[in-house]
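2 protein chains.
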Amino acid sequence: MDSEITQEIYTENKLAIGVDLGGTKIGIAMVNCNGKIIHYLKNPTDAHKGKEFVINNIIESIHQLLNEAEANLDDISGIGVGIPGQLDVRTGIVHFAPNLPGWEEVPICRIIKEEFNVPVVLENDANAAAWGEKTFGAAKGIRDMVCLTLGTGIGGGLILDGKIYRGHKCGAGEIGHIIVNKDGPDCHCGGIGCLEAYSSATGIKNRVADKIKYIKENSPELLADTGIDITNIRLVDIFQRARENDPLVKDIVNEAIEYLGVGITILVNLLNPEMVVLVGGIANEGENILTPIRNFVFKRAMKAMLNDLKIDLGKLKEKAGVLGAAALLWQKNN
Amino acid sequence: MDSEITQEIYTENKLAIGVDLGGTKIGIAMVNCNGKIIHYLKNPTDAHKGKEFVINNIIESIHQLLNEAEANLDDISGIGVGIPGQLDVRTGIVHFAPNLPGWEEVPICRIIKEEFNVPVVLENDANAAAWGEKTFGAAKGIRDMVCLTLGTGIGGGLILDGKIYRGHKCGAGEIGHIIVNKDGPDCHCGGIGCLEAYSSATGIKNRVADKIKYIKENSPELLADTGIDITNIRLVDIFQRARENDPLVKDIVNEAIEYLGVGITILVNLLNPEMVVLVGGIANEGENILTPIRNFVFKRAMKAMLNDLKIDLGKLKEKAGVLGAAALLWQKNN
Chain B
1 MDSEITQEIY TENKLAIGVD LGGTKIGIAM VNCNGKIIHY LKNPTDAHKG KEFVINNIIE
61 SIHQLLNEAE ANLDDISGIG VGIPGQLDVR TGIVHFAPNL PGWEEVPICR IIKEEFNVPV
121 VLENDANAAA WGEKTFGAAK GIRDMVCLTL GTGIGGGLIL DGKIYRGHKC GAGEIGHIIV
181 NKDGPDCHCG GIGCLEAYSS ATGIKNRVAD KIKYIKENSP ELLADTGIDI TNIRLVDIFQ
241 RARENDPLVK DIVNEAIEYL GVGITILVNL LNPEMVVLVG GIANEGENIL TPIRNFVFKR
301 AMKAMLNDLK IDLGKLKEKA GVLGAAALLW QKNN
Chain E
335 MDSEITQEIY TENKLAIGVD LGGTKIGIAM VNCNGKIIHY LKNPTDAHKG KEFVINNIIE
395 SIHQLLNEAE ANLDDISGIG VGIPGQLDVR TGIVHFAPNL PGWEEVPICR IIKEEFNVPV
455 VLENDANAAA WGEKTFGAAK GIRDMVCLTL GTGIGGGLIL DGKIYRGHKC GAGEIGHIIV
515 NKDGPDCHCG GIGCLEAYSS ATGIKNRVAD KIKYIKENSP ELLADTGIDI TNIRLVDIFQ
575 RARENDPLVK DIVNEAIEYL GVGITILVNL LNPEMVVLVG GIANEGENIL TPIRNFVFKR
635 AMKAMLNDLK IDLGKLKEKA GVLGAAALLW QKNN
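Protein chains in written order, with the numbering used here: chain B, 1 to 334; chain E, 335 to 668.
Bear in mind the hints are in silico, worked out from the structure with no lab data behind them. Note that the Cβ used here is the ideal one computed from N, Cα and C, for glycine as well. Any given hint might turn out to be false.
[What the hints assert, rightly or not] Pairwise CB distance ranges (calculated):
(1) E:ASN629 with B:ASN284: 48 to 56 angstroms
(2) E:LYS649 with B:ASN218: 51 to 59 angstroms
(3) E:ASN629 with B:SER219: 38 to 46 angstroms
(4) E:LYS649 with B:ALA71: 54 to 62 angstroms
(5) B:ASN218 with E:GLY615: 46 to 54 angstroms
(6) B:ARG234 with E:GLU551: 49 to 57 angstroms
[Unchecked claim] Derived DSSO-like pairs: lysine-lysine, alpha-carbon spacing no greater than 27 angstroms straight-line:
(7) E:LYS644 with B:LYS169
(8) B:LYS211 with B:LYS182
(9) E:LYS633 with B:LYS182
(10) B:LYS315 with E:LYS503
(11) B:LYS169 with E:LYS474
(12) E:LYS649 with B:LYS299
(13) E:LYS644 with B:LYS182
(14) B:LYS169 with E:LYS539
(15) E:LYS637 with B:LYS169
(16) E:LYS503 with B:LYS140
(17) E:LYS637 with B:LYS205
(18) E:LYS633 with B:LYS250
(19) E:LYS516 with B:LYS310
(20) E:LYS539 with B:LYS182
(21) E:LYS497 with B:LYS140
(22) E:LYS649 with E:LYS516
(23) E:LYS649 with B:LYS310
(24) B:LYS250 with B:LYS299
(25) E:LYS539 with B:LYS303
Just chain B, with the same shape it has in the complex:
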């Protein structure tokens, strides 16, 4: 274990850099301890170009940020990096990242530290987003909260007793892989009937595409031209059609939202959080998903868990990850 990675850092008067590494883009921000973004930039990840390219891309992007912000490394408390994958925050090593080809056992903290010589901390991307909302966003001041990242997949971050909860091997928070129907559709995780298979963008699109294919093969007379290119379905279009009561998508969207209600009810009965925060692409549907989810949870969860419970959208939008990654530098014991 590299003690410099886990050291406690108290230099709150300084700035921190947050990196949010995604499969398609890298977001980087320079942030002060009040959550103000001093400078922000976004570059394509070009993940297909491989591990070395992406690592260099991160390093160059940090240099670019420092240059554009006319900042000096002396002004920086450190760098927090959020990465989507299996990793160990204590050693700073990424074990495996499904959306980043070649990323296996990458000592990313050590690599970045060698370049910039400031403390570097690592976190799972969903935990970083949760930490952002907890530190600067919708869940400011909340000790016990659950953050769902509703995007291509469904991820999650658990903030319990005021700290990020990571579990035995930094794997905790896989909210997308709550089983909501033991006899449901296969999930890419190897499981069956996971929340992600019903309620993620990919899950919803797959179910619509499967339904169109099924009708075409079995009852083509029922299907006029849908106007949907099943190789390129957009989620916003599906939600728009659902609002217009299009029978092709309505049940699928309703079920996606109902299963989000099931998953959140499970979280609420299990963890008794004060707040549930929804972030990510699907959360952009706003009240269209928030109202039915709240109705489900407040009807189905145990009464004792509903005292004070708030279910809300995140406030930081696509900046939650960079803000949370930066804020890791100012947290003790995380």
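Given chain B's structure and the hints, the job is docking chain E onto it.
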């Protein structure tokens, strides 16, 4: 908040008293800090006689324990009390206990402290059992573990980062109220399709009774004398019949065990524990439930969560509660 309730107690060379208050009996033990039970006794709760009677019953039982053990209050670090209900460990007040008539807003810590003048700590009974297994039993040395109490109902205790996790209002750990089938049977909690409705002793018995009633009403010719008195079904008999492939109960028992697998898979994907411990009456079925549960979880949970994962029976049996309650006296910050 009564600061004497939450004070840190370091007098590990002393003894502690653990009280496990149940709806039918009170278990009380004098315990040393190695988990050795110096003296143990069990009295009927007589819960139907009301709150005052039961409180007095607890106090008299503690006096009885001290007398029988020929111990002195000077030898005692304090008293830990595990109670099945909604309570606040910080204030030491029991808000509500469904199996203890009249128990509403009972300041049990203050009452016991007034009698014995030693520190008194309160805990939910399932958390106390989990803490017992963590401190002296199957999960000794484990930081992240989930304990399921499989009895009349299904309860749970979450030990996360080495501490009891209680959530916002001390309500966390309601593992019995994980929704495993959103369209399933009604649950007494007000929800639908909870794990408890399928896999608790009460759930299994109810489902067998409902099935017998249904067959009697609809196809009585299919049903020879079952030999089952549906007003007085014993769980051990149901499990015995299931092992003998009795079609009347087999599917219900298999489904009960399968849904336990679903619930534990959800816990594993969500919390990434190192260990899952099963205690309570149904856990007495031993390998008959452990093997199919393990098979389900190791097939259906995410691979990353299965490193090191152990699923085992508790070791302390019916003493888990008293041992855990006593051990609360020796834990910092809980």
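Outcome of the hint check:
no., hint, in the structure
1, E:ASN629 with B:ASN284: 48 to 56 angstroms, "violated, 41 angstroms"
2, E:LYS649 with B:ASN218: 51 to 59 angstroms, "holds, 56 angstroms"
3, E:ASN629 with B:SER219: 38 to 46 angstroms, "holds, 40 angstroms"
4, E:LYS649 with B:ALA71: 54 to 62 angstroms, "holds, 57 angstroms"
5, B:ASN218 with E:GLY615: 46 to 54 angstroms, "holds, 49 angstroms"
6, B:ARG234 with E:GLU551: 49 to 57 angstroms, "holds, 52 angstroms"
7, E:LYS644 with B:LYS169, "holds, 13 angstroms"
8, B:LYS211 with B:LYS182, "holds, 21 angstroms"
9, E:LYS633 with B:LYS182, "holds, 12 angstroms"
10, B:LYS315 with E:LYS503, "holds, 25 angstroms"
11, B:LYS169 with E:LYS474, "holds, 18 angstroms"
12, E:LYS649 with B:LYS299, "violated, 38 angstroms"
13, E:LYS644 with B:LYS182, "holds, 22 angstroms"
14, B:LYS169 with E:LYS539, "violated, 38 angstroms"
15, E:LYS637 with B:LYS169, "holds, 12 angstroms"
16, E:LYS503 with B:LYS140, "holds, 18 angstroms"
17, E:LYS637 with B:LYS205, "holds, 25 angstroms"
18, E:LYS633 with B:LYS250, "violated, 33 angstroms"
19, E:LYS516 with B:LYS310, "holds, 22 angstroms"
20, E:LYS539 with B:LYS182, "holds, 22 angstroms"
21, E:LYS497 with B:LYS140, "holds, 24 angstroms"
22, E:LYS649 with E:LYS516, "violated, 34 angstroms"
23, E:LYS649 with B:LYS310, "violated, 39 angstroms"
24, B:LYS250 with B:LYS299, "holds, 22 angstroms"
25, E:LYS539 with B:LYS303, "holds, 25 angstroms"
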